[in-house]
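Q: Join the two chains, each given in its own frame, into one complex according to the hints.
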Amino acid sequence: MTSSTLGRPARSDLTFRQKVSRFDYAFSPFLYVAPFFILFAAIGVFPIVYTMNVSLYDWHLLKGQGDFVGLENYVSVLSDPFFWNAFGNTVSIFLLSAIPQLVIATGIAALLDQAIRGKTFWRMSILLPYIVAPVAVTVIFLQIFNQYRGPIAGLLELFGLDPIRWAFDVLPSHIAIASMVNWRWTGYNALLLLAAMQAVPRDVYESAAIDGANKLRRFWSITIPMIRPTLIFVVITATIGGLQIFTEPKLFDSRTNGGGDRQFQTIVLYLYELAFPRRDFGQASATAWILFLIIVLVGLISFAITRAIRTADVKPARSSAAPVGAQQGES
Amino acid sequence: MISSRNRIAASIAGVATLALITTGCSSGGSGGDDEKITLSITTFGTMGVDANYEKYMEENPNITIEATNLEGGGAARDDAYAKIAAGTGLSDVVAIEEGWLGTIFEVSDSFVDLRDYGIEDVKDTWLEWKYDQGTGPDGKVIGAGLDIGPQGLCYRGDLFEAAGLPSERSEVAAYFGGEDATWDRFFEVGKEYVDASGKAFWHSPRFFWNSFVNQQEEGYYKKDGETLNIEDNAALKAHHAKIVEAELAGLGAGLPGWEVGPEAKAGDFAVYMCPSWMLGIVQGYYDEGTTDSGWDFADVLPGGAANWGGAFLGVSESSEHKEEAAKLALWLAAPEQQAAAFEVAGPFPSTLEGQELVADSTNAFFNDAPVGEIFAARAEGVIAQVKGPEDSNIQDNVFGPIFDRVSQGEITDADTAWEEAMTLLDQLVG
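Chains as they are written, first to last, in the numbering used here: chain A, 9 to 339; chain B, 110 to 539.
The hints are simulated quantities; they were obtained by calculation from the structure and are not laboratory data.
There are no misleading hints in this set.
With the Cβ distance kept under 7 Å, some of the chain A side facing chain B (calculated, not the full set):
1) Leu69
2) Leu70
3) Arg157
4) Phe176
5) Arg263
6) Gly268
7) Asp269
8) Phe284
Built from N, CA and C at the ideal position, the CB exists for glycine as well.
Same shape as in the complex, but just chain B (with noise of 0.2 Å):
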């Protein structure tokens, strides 16, 4: 089954090539509706995105789409420097993620203007914020918007029930404190089931101190996304102390931050952060169609709403067929295709309407959890963070590897945590 579709894949791109040949030169910029065209798409993680291809290629049969999915967002801004880098090789549509979106900018040549095909006119479908997140400093618009990352809370009901804690998912939520959730409840809550458990409460302090900071007006850097916001922050300063010490109290597993698959299954923790995005991965720790987990989902999120990550869209200027590539782009990223994303894998959408579709949608594996009620409404009053360049060399090499030390029992007071994360930073970044 598979080998013959990709023979026909491969004799498809094979006739797509000729006709390139052929038509060449001649057909200058948009070809005809019959030309044949392949167009490359680079995406990662666990985007959805991949369950619109089949639909597009079957509504437009001159295009055949070629995907590539990388394991992570790290992976594909590796993969998307070096090409760019390069000067080649760039596919013709690449997913570009939050937290390097700022560093594109810097290069913006390398990616079209989106506004020249047609973006503008669908713009009010985007919620404001993340329209403006694709938008440059020089007004270029070089990513539409995919997904966007509210974030509730997915526990273990199973667990919870075992430590005497409530399991049902809206007497979770209020537990935690309801809308006006805090960390130290959090905190709080989460001793009581190690107390009653005798098990870890999260896998790693790393998810829960990104939830915070990007709680923030400004996280690691001040609004004009140069000036670092670190080192006289006290509000960060106090939080990480909070963190620290509720992991040296015996929150975490001392787990890394991902792949924890074996250690959920065992239930070897109880909680994880879950912005939108992050559904499709807890889900990918099981076997596919595994309905009996025990994870659930709560609309509740400690220190208030908050966005964490989501991706865009861009199209690459050394694209052969920029046309036909920004309106698979611009396709990918209409409502109707942000639900049909968010109903395989769990991404958010970033448009109104597509919020609007995915309202009553239910998520098997989380204990069939409403999911698409509670992001709309852990959405409400989010506004994405000004992101610096250094923003996830910061979280992943300055906070990151503190944390590992104090799951490690390297690091055993909350000062000396600080004070080490600031002379990682100031190698790494001052």
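If we strip away everything but chain A, and leave its shape as in the complex, we get (with noise of 0.2 Å):
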């Protein structure tokens, strides 16, 4: 009480203009980020914790809410090899399409950073795959990947080989979503990192280049290390995707929920099985809860990985200038 009226003694002095600029000085920035955290609040935070009451409730979903179980949904879906099959499906998917997609996107993105002709036409190129609606991808990778009739059918009868079961195998058919993503994904983020690329000082480069690094020397020892944040970013985004991976796998055969024998049923799919044609919502909580439990998870040691790029890579650079380049790039 005394400390506040000491505090604020002129606060009768100040003009109604005075005050409101004093409130806009302490309250406006709040106003202006509200919208987002309104917007957060509502389809954010707000489904995530609902999901969570419904995970702990018997749920039909036409039937709406039952008794109270506890973990028995998670109990139930940890149980269930169907669950492990679609976590095994989202894992392969995931790693065949993140880990050629990072890899060919740096190696995109390190060729545009090269002085070349027709930047912006090579530029908005890569980005193109990105723009088309991954339905309209589906449908057409659907076509290349007829086991019968595609156009890879067509190249391996050349040659007389066997056609590849793409619908039916297991593995062919991950494969086949796989570069689904990442035709799409791929040039996305070759622009990401080639931004964050041409953000590093040409004199880092040139100091290198005197010091006597060659040109690979110089994309290992100071591209790479001074784009780790966005390498990072990259990642994760990368990760959450990938194994939420949904609209690929469901349209690869729409009549099922990832394959008639679920060679392709990924976590959401299963999720989706669970919650709309099996309408056990309560257990369609529970999987998505582990999900984002494993989403979580799987980004903290994506996250690991790409520190140890700095631990593995700067510490020989050293003596060039690449600390200096690091710094700033986590600044």
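A: So this is what it looks like as structure tokens:
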């Protein structure tokens, strides 16, 4: 009480205009950021909390809330072989897409970072796949990966090889789906990495060149460590996206939820099957939470791996200007 | 043309919304005849109902129909479930498939009782069993019957001929055994075709299995619709073994059940199981107006007549114009409109009068087959089986994948196939 009266002795002396100005200074920033947080609370936090609530009940999609069952839904999901099948498929598709995607995207970005003719044209071109709706991408790829009549089947036949059963066999179906993901996202990631590469100060390269570092060495010891923050961002978004993959496997065989025999049923498709055809909203919500935790975990692992890039690559380059750049990158 | 029509539709919708806002609460239940109303309807697959919308809007100038057609029954089911669960978003009129009607009865509050809108006055137009199917356990009538699924055999006359089999449709029917056609004979003819042509007979065993299951007095469930009827069902097990063995003997093309257009065009298989609504699907594999595809339609079904599928129209409880929506649903399910839908897409009328209207109907795609007459014959004595809550799940996720494994050579004997199916059944339903 006393402190507050002591703290603001001049308050009553302020004019209205000053009061408004003071209020503006103190609260306006909150108003400016409020739309995001209100939206985030409505479509981010609330669903997450609500899903948690649903996952603790025996909850029929149509009939609604039933008895409180605690963690029973989690137990039944985790002991369901179909969940682990979906888990394996998701990890497999994720690895098949994330790794080539990042490698190729970094390569493309490095190429575009060189002095080439028609820069804008090339940059726009690699972003083109990203603009096409995933549904359209899937429809086109479905034709390419048609077991009997697709162009790939034609090529294989030309060489006298057996047709690949894209929609029936586990690994081929994963490769087909991963290639759709890669086609869509590689260019996008390449652009992000390119932007980061262009922010690397050119004089660092110059001094490294003077010190006798060749192009490859400069790429590994300067470019990669210095684009690390962007790399981390790309890896984490790729992880989140990759583990939530849905559209491509769903449409790869749209009558099923990930293949007639669940050859390419991902966790989200498993969740979808639980929620809709099987109408078990409780278990579906539990799956959503398990997926959330998996993503957090895998995200942390990717983060750790990308952080390790610095410790592995920057140390030997200490004598050059790299540490300065790395610090810049972090700030 | 289309864009101007859209614009007109949009302005009508806009006016309708305005009208709603202005007249809103005061008009209460059914408004005056000149009140502008937009009714939404969701259908799936090739039901042919859309052929009637224009006519209805002409006859009722105050009504605008806003139609959505989903790809298949599964998509329509998921869509309806999601909207029921959300408690909002159902169209005014919703098409419901026989396979998941049972689930809808469990939450019958989401749909109106059509008895309140006069369905009982026209009850007698429907086949009795079809009307009963649309009636829930509590006596509430949720679905106005559209089509039924009597089955005949779609076959490739040109390929049959090339393989030295009869190709004329009555001869084909007779060759399979006519009225006494059996599944054994069907497999025999299949083998004959495969030996003569070097090609597969069917695309996937799935549909032929479904047909057989539908022929049984009790299918995956006992008549109570609750007790499973699979594991100790000797008839099912024996037929399963036969169909697996036929597949292993090379009758199958190893294709998925649906979306086999390119393979159909290439002549990779020669028969397709055709409940009435399947005609539109086979036709959809080809360009519009095709008449030289080689497909024909024979009045025969191995193992005797049976119903497979069929749809209903329900009116959602959340509709703002229940009266008008029910009027539209009942109109679309009336004999003349069923007949019109049959003419464009093939689903066979579930009303006797509708069936009479299409008795002389032929289908140009299927080599001018007298489809009206054939389906009337195939529908004789057909009574739909009682479906349980997991019926479509069992069909798609228990037996379906097993047939795929057999097609792909992963299972090579009938006993293993059945055992693996029972394992899946346990995991999914048990």
